[in-house]
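Following the hints, position chain B against chain A.
Order-wise, the sequence lines are chains A and B.
According to this note's numbering, the residues represented by the first sequence are 11 to 509, in order.
According to this note's numbering, the residues represented by the second sequence are 21 to 455, in order.
None of these hints come from the bench; they were simulated from the model.
Just to be clear, a hint being listed does not mean it is correct.
The calculated label-pair distances, taken between Cβ atoms and stated as ranges, are [said to hold, decoys possible]: (1) A/Arg478 - B/Ala37: 45 to 55 angstroms; (2) A/Glu147 - B/Asp211: 45 to 55 angstroms; (3) A/Asp474 - B/Arg76: 25 to 35 angstroms.
Subject to a maximum C-alpha distance of 30 angstroms in a straight line, what follows is the list of computed DSS-like cross-link-like pairs (lysine-lysine) [what the hints assert, rightly or not]: (4) B/Lys297 - A/Lys60; (5) A/Lys498 - B/Lys330; (6) B/Lys330 - A/Lys103.
Where a beta carbon is used, it is the ideal one built from N, C-alpha and C, also for glycine.
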Amino acid sequence: MIEGAPVRTQGPAPTTGTIAERSSDGRRASSFAPLDVPEASIPEMHTRSKVAELPRVAETDIVRHYTALSQQNYGVDTGAYPLGSCTMKYNPKVAETVAAFPGFQRTHPLQPDHTVQGTLELLFRLEGALCEITGMERATLQPPAGACGEMTGLLIMRAFHEDRGEQRTKVLIPDAAHGTNPASVRIAGFDSVNVPSDERGLVDVGALREIADEGVAGLMLTNPNTLGLFEERIEEITELLHAVGALVYYDGANLNAIMGKARPGDMGFDIVHINTHKTFATPHGGGGPGAGPVGVAGHLVDYLPAPIVVRDPDGTFRWDRDRPRSIGRLHGYNGNVGVLVRAYAYVFGHGGDGLAEVSELASLNANYLAARIATAFPLAYPATHPMHEFVATAEPLEKETGIRAMDVAKRLIDLGYHPPTVYFPLVVDEAMMVEPTETESKQTLDGMADAFLQAAEEARTDPDLLHRAPTTTPVRRLDEARAARHLKLRWGSDGVPRD
Amino acid sequence: MRFSPHTDDEVREMLAATGRASLDELFEQIPASVRLDRALAVPDGVSEMELTADLRSLAGRNRSADDLICFAGGGAYDHYVPSVVWALAGRSEFYTSYTPYQPELSQGVLQALFEYQSMICELTGLDVSNASLYDGATALVEAVHMSMGRGRPRVLVDAGVDPRAVDALRTAGRGAGYDPETYEGDPHVTDDVAAVVVQHPNVYGVLEPVRDRFDAAHAGGAMAIQVFDPLSLGMLAPPGELGADIAVAEGQSLGNHLNYGGPYLGIIAARMADVRKLPGRIVGETVDVQGRTGYVLTLQAREQHIRRDKATSNICTNQTLMALAAAVYLSWLGPEGLAELGRQCVSKAAYAAEELASLPGVRLEFPDAPCFKEFALRLPLPVPHVIDAMVERGFLAGVSVPRAGDDLLVVAVTERRSRAEIDAFVSAMGEVLAA
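So that you can see chain A by itself, here it is in the shape it has in the complex (with noise of 0.2 angstroms):
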């Protein structure tokens, strides 16, 4: 018996078209008070000629279409979402509520210090806990997603390297890693550079060794890695990058995995970026908002973001925007408060050993469903225990079946789940990177490595089954390639062919 919750469409029938289909002309939602003050207008050289064809619906247009929408929707509150790297663990709806607070959701950001004491003391209070999870020793909370966060880190960086009169140009990254470092390396005005990984999985130290120069202004490192490896001779690989001047960068993506058993500061990294929607089940919300807090050693502190929040000896809150060698601001703002409140909720709620915990349990959940479908997918690298997520390969598979990591990813979807990650990390070949987390109950598991088994032997049994998936859901297997080659990316356009 499998267990899940499949998206199907609901309702009576399914929804048709976009929200401007709903329109009627001289329908609409909004109302306002009548105006009180004198009617004023604006010189016609700067009015809008032609009306913004918005919809023109009611507000039952407006909630039936995006309720419809929504039940074409995949949500953890949905089912069991083992997407790899990208930690989809339960939110917790207390989370929700407090942030909701008025005293949260309805403050302003340019608003008196003195006028928002419960906020800065929140963030203060976050950011302590975060430098006490991390072994950092300040942090700051204002970039608004993790890729910001990589670049905080990587302007730290070059500000720290600057102010030696060195002129560092490379940053050396796993090539397991998240498309993201590379990218935010070239934003922050390096090059990268690979490191080779061994036949463990793990960062070959000697390749390593060769390549760290004087020219290298940092390494940027996952760990437990990409792969869901813990590199076990970190120490090494940070002493020997600091011993050619180079600072060591933690990708926060896992640190979920080793709260309260390890600290990214005890292992010599100098900076460290935190996904709050990762570690911290912020929600995801669909991609976004996020948050990146990143944290650093005490020998970076000057160089953070311009605000953070200090504490006056006589007790209040304030932002210090006296930070002269500050790399300066990232944010229009103060950061996704709203999302750190939430993380706040998660941090405070769990507490110190609720923390560990949690990393406890996403390891075991990975490890045991790691062994359940070892049989069908075994793992990439055998060699090395995973952590909080494994990455298991469809190679043999394939290989006798033809039956490919993504027919096996859409096959799950019927079966009721939400699929791992495919074709990633790229160094894998049909790669499937599992991550259960650690709010899934066994029950939920052994019904997931039942769908991953028996999708194995439909592959054998019946393969037509999986090429042909999904079959339960709203759409079926869509045309990315006429997406892309035939772009329509708003209503009312025809669609651009491209040659």
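Relative to the frame of chain A, chain B by itself:
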């Protein structure tokens, strides 16, 4: 709080299945020398009711726009957020989902983003919009990066652009190799200028002669970038009509709460010729194997997960949920609501400006310039003092502009402010300035 469903028996069974004797063995690959040999110095966990009490207490120490009547702006505004917006954007099928990489399971988010993109195009008069960026300041950074790479290293920024956004641009420029230069009046566009940035309405609320600026930009071969206010576009000519090649905005006002600065919504729209330079997610329409209309993330070859260090941007996360809220809000407004909202902003701001300027010692910084919903005042007292004194009287009086002087106050008046509130505000300001 604990959200893991494991029982002790299940933990034992699962450990046995993985060949481990204890949970600790799951961490055996971490060398002892870097293992944390103590508990984290974070207080022990608490129950949901204790946590809620803690956060209620913290929130209670803030003064919100529910208790201070808000005349503060500077990109973040107290526009009315109708109930329908978060009743829908708050549906957990949306907010607990991830970036829609599996389109068959994500048609809801994908279609909503397609609708958002469509509405942004309608608003701006431009051809294409992406699925959102972090906020207005980071959207400006991305727009400037779109203009670079043509052997033109300089960026000219009009003096009316919000200095907070220019600060973010300066930070990004440290990596990308440019330093934004501020100009006043007409930009001098030489063949080394990549982009001219104009904010309209500007940081002082004033409507700018945008067409002239953009003509100068184009004459010099530079790209024209406009920073706009989305809710002004029921009244004001859209960026596409004014000659902008790229338009960016802070989209907080489209159904998003003030949230002390975030999460907000970065809007970016451009012309079709530049679609491949657009950063971030873009949703396109296509068909499934049975010919049914569906939506996917498209042009992914621009993005970091495919192109890595050749990508147009490092953006991965965007602000999908805020974009969804914007789509709901714009549907709620409709064309007539957008126009009515603009009419109310213009009229109420004009009324407030006139009343405030009649106070002794107060003068309008730009008395003859047309405004949308904000205006700048020179005050006879330092602005931080005035703002504090107005808080005591129940008002958020406005915002200052970095480097514009200690006596300059920018006041924002949205459709939410009633005549009675404006009159009370003027009267309180009179008291403060007379004291």
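Evaluated hints:
A hinted range of 45 to 55 angstroms is violated for the C-beta pair A/Arg478 and B/Ala37, which are about 33 angstroms apart. Distance hint for A/Glu147 and B/Asp211: a CB-CB separation of about 47 angstroms, consistent with the stated range 45 to 55 angstroms. Range check, A/Asp474 to B/Arg76: about 57 angstroms between beta-carbon atoms, so the 25 to 35 angstroms window is missed. Between B/Lys297 and A/Lys60 the CA atoms are separated by roughly 28 angstroms; this keeps the pair inside 30 angstroms, and the hint holds.
Annotation: proposed proximity of A/Lys498 to B/Lys330 holds, straight-line Cα distance about 25 angstroms (limit 30 angstroms). Of the pairs offered as hints, the one joining B/Lys330 and A/Lys103 is violated, with about 39 angstroms between alpha carbons and a cut-off of 30 angstroms exceeded.
When each numbered hint is compared with the structure, violations occur for hints 1, 3, 6.
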